[in-house]
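Undergrad: Quick note: the sequence shown, position 174, residue 174 per full-length UniProt numbering, numbers continuous.
Note that these hints are calculated values from the structure, not bench results.
Keep in mind it's a predicted model, so treat the numbers as computed, not measured.
Glycine residues also receive a C-beta, built at the ideal position from the N, C-alpha and C atoms.
Any given hint might turn out to be false.
When the alpha-carbon atoms are kept at most 35 Å apart in a straight line, the in silico DSBU-like pairs for lysine-lysine are as follows [what the hints assert, rightly or not]:
hint: 1; residue 1: Lys287; residue 2: Lys269
hint: 2; residue 1: Lys53; residue 2: Lys312
hint: 3; residue 1: Lys80; residue 2: Lys230
hint: 4; residue 1: Lys121; residue 2: Lys291
hint: 5; residue 1: Lys80; residue 2: Lys287
hint: 6; residue 1: Lys121; residue 2: Lys287
hint: 7; residue 1: Lys209; residue 2: Lys269
hint: 8; residue 1: Lys114; residue 2: Lys71
hint: 9; residue 1: Lys114; residue 2: Lys279
hint: 10; residue 1: Lys269; residue 2: Lys121
hint: 11; residue 1: Lys306; residue 2: Lys279
hint: 12; residue 1: Lys230; residue 2: Lys317
Computed spacing ranges between beta-carbons, pair by pair [to be verified]:
hint: 13; residue 1: Asn266; residue 2: Met166; range: 38 to 46 Å
hint: 14; residue 1: Arg206; residue 2: Pro254; range: 25 to 33 Å
hint: 15; residue 1: Gln120; residue 2: Ser190; range: 44 to 52 Å
hint: 16; residue 1: Lys70; residue 2: Phe100; range: 17 to 25 Å
hint: 17; residue 1: Asn149; residue 2: Lys312; range: 17 to 25 Å
hint: 18; residue 1: Gly267; residue 2: Thr229; range: 18 to 26 Å
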Amino acid sequence: MRRGFLTDLINRKGCEEKKDVATKARIDDFELFELIGTGNFTQVFRAFDMINKVDVAIKVASRSQLRAMKKEGEILNEKKVCTMLNMRPMRNIVRLLDTFATEDSVYLIYELCKDGELWQKILPIGVRPLEQAIYYLAQLLIAIEHIHNLNIIHRDIKAENCLLMMSGQLKLADFGSSIHQDEIVCTSQSCNSSCRCRFTVNKGRREFKYFVGTPQFMAPETIRNNPPTKAVDLWSYGCTVFQVICGYPPFNAPSEFLVFCRVFNNGLKFPPDFPDDAKNLVESLLKFEPKERATIEEIKAHRFFKDIDFDKLTNEKEYSRFPPSLKDLCLVQVASSYERYRDADLDRLSTLNDQSAVQRLKFEVERKDYEGPRDSWLSEFSNQIFDRKGTSQNVNSSNSSTSSDSNSE
Numbered sequence: 001m002r003r004g005f006l007t008d009l010i011n012r013k014g015c016e017e018k019k020d021v022a023t024k025a026r027i028d029d030f031e032l033f034e035l036i037g038t039g040n041f042t043q044v045f046r047a048f049d050m051i052n053k054v055d056v057a058i059k060v061a062s063r064s065q066l067r068a069m070k071k072e073g074e075i076l077n078e079k080k081v082c083t084m085l086n087m088r089p090m091r092n093i094v095r096l097l098d099t100f101a102t103e104d105s106v107y108l109i110y111e112l113c114k115d116g117e118l119w120q121k122i123l124p125i126g127v128r129p130l131e132q133a134i135y136y137l138a139q140l141l142i143a144i145e146h147i148h149n150l151n152i153i154h155r156d157i158k159a160e161n162c163l164l165m166m167s168g169q170l171k172l173a174d175f176g177s178s179i180h181q182d183e184i185v186c187t188s189q190s191c192n193s194s195c196r197c198r199f200t201v202n203k204g205r206r207e208f209k210y211f212v213g214t215p216q217f218m219a220p221e222t223i224r225n226n227p228p229t230k231a232v233d234l235w236s237y238g239c240t241v242f243q244v245i246c247g248y249p250p251f252n253a254p255s256e257f258l259v260f261c262r263v264f265n266n267g268l269k270f271p272p273d274f275p276d277d278a279k280n281l282v283e284s285l286l287k288f289e290p291k292e293r294a295t296i297e298e299i300k301a302h303r304f305f306k307d308i309d310f311d312k313l314t315n316e317k318e319y320s321r322f323p324p325s326l327k328d329l330c331l332v333q334v335a336s337s338y339e340r341y342r343d344a345d346l347d348r349l350s351t352l353n354d355q356s357a358v359q360r361l362k363f364e365v366e367r368k369d370y371e372g373p374r375d376s377w378l379s380e381f382s383n384q385i386f387d388r389k390g391t392s393q394n395v396n397s398s399n400s401s402t403s404s405d406s407n408s409e
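Make the full structure from the sequences, and use the hints.
TA: Following this line, the structure appears as C-alpha cells:
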C-alpha cells in the first residue's frame, strides 16, 4: 500500500460529501405556486425548478404530522419504491426527480402532470366519449403490468392516483401504499387470520398490516387483512374501470362498514347505459376469489379493448384525444345539476332527445338517494348486524382496523 493512501481516500470522500451538499436540492431552489392536490398527510404544489428550469410537482409532508399519524414508514416506502421504478423507467409511471428534507418537512419532487387527475375528468357521469375512457384504461393496465413485472403491488389503484399529461398520456402515481412481494413473508406452517405475520406492533398496540387502500377499491382479501397478491390490484382495476365509465366507484355508501357490506354481499348495480363489454370485463375482475379474476393477458385480449394495440401503446410517442359529442356535453351538464330534475321533470327534458340518456339521469337520482343520508341505510345496517351474523362478523372484524390503522387515500 502506497504512503498517504488513507489520507487521500479520506480527503476524496470529504470532497464528495461537500459536492453532495452543494448540489443537493433545497426548497429555495423552487418557486411554489398553487396547491394542486392533498392527501391524508401531504400537500402537492405546482412549482418551478429554478436550477433545471422545469415545472415540477412538489409533495410536502410535515414531519410532526407524519409522527402523529405514524406515517413515517409510508413516505420512506414511497421514496424506496419510486427509486426502484426509476431504475426501470416506463412512460406510464410518474417519475420521482429528487427528494430532500428540512427540520420541519419532507419533500418529494415529481415530474408535473399538467392535466391533473383522471378523477377530475370522470365527474359526474364518467369519461366521455367511451373511446377516451378505453384509451385511459388501457394505459393504466400497462402501467400495472409494468410494476407487477417488477413484483411490486400498488394496493391503491383508483382514478385519483392516475395523473394526466396535456398530450393525453396517463401516469400511475402515489406508491406510498405499495409493497414488494419479497416483503410478504410468513414462516408459520399454518398462516391464518390471527397469524403474527398479519400484524404490526406500535407502542404496544397490534395493528392490521395488510388492511391498506381506499375502502371503495379494496379487494375482499384486503378487507380481511390477508397477505396481498397481485390480484388485489386487479380487483381495484375492475373498480376503476367501473368508476371511469360511470363517474363513481361500484361500492359506495355513507360509511366504510357499509361499503364492506356491499363488497361481501355483491351489492353491485350497473347503470342502464353501461356498455355490455365493459360490464363483462368488470364482472371478470370483481370475483371474490383472487384466483378466479381475469389476468392481465386475459384483460388485454378482452373485447372491451378490441381497438387497442397494446404493443403500439407501450411505445406510443403521440397520444390520442377523443372530443366528446354534443349529447355527452349536454348529459354532463344536466347530470351535474341532477337535484333540479326530479321524477316527472326528467321525462320532459327536451335538450337530450335520447331515451337512454333520460334513463341514465333517472338512475343517477335513484342512486344518489340510495347512497345518500346515513339514516336511509338503517334497515340494511340492521340486517347486517342481526340477520347475517356470519358475514357481519367477518366484515366487522376487518372494519375495526379503521380505528387502529388509518387508510391511505
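Undergrad: Can you name, in rising order, the numbers of the hints this structure does not satisfy?
TA: none
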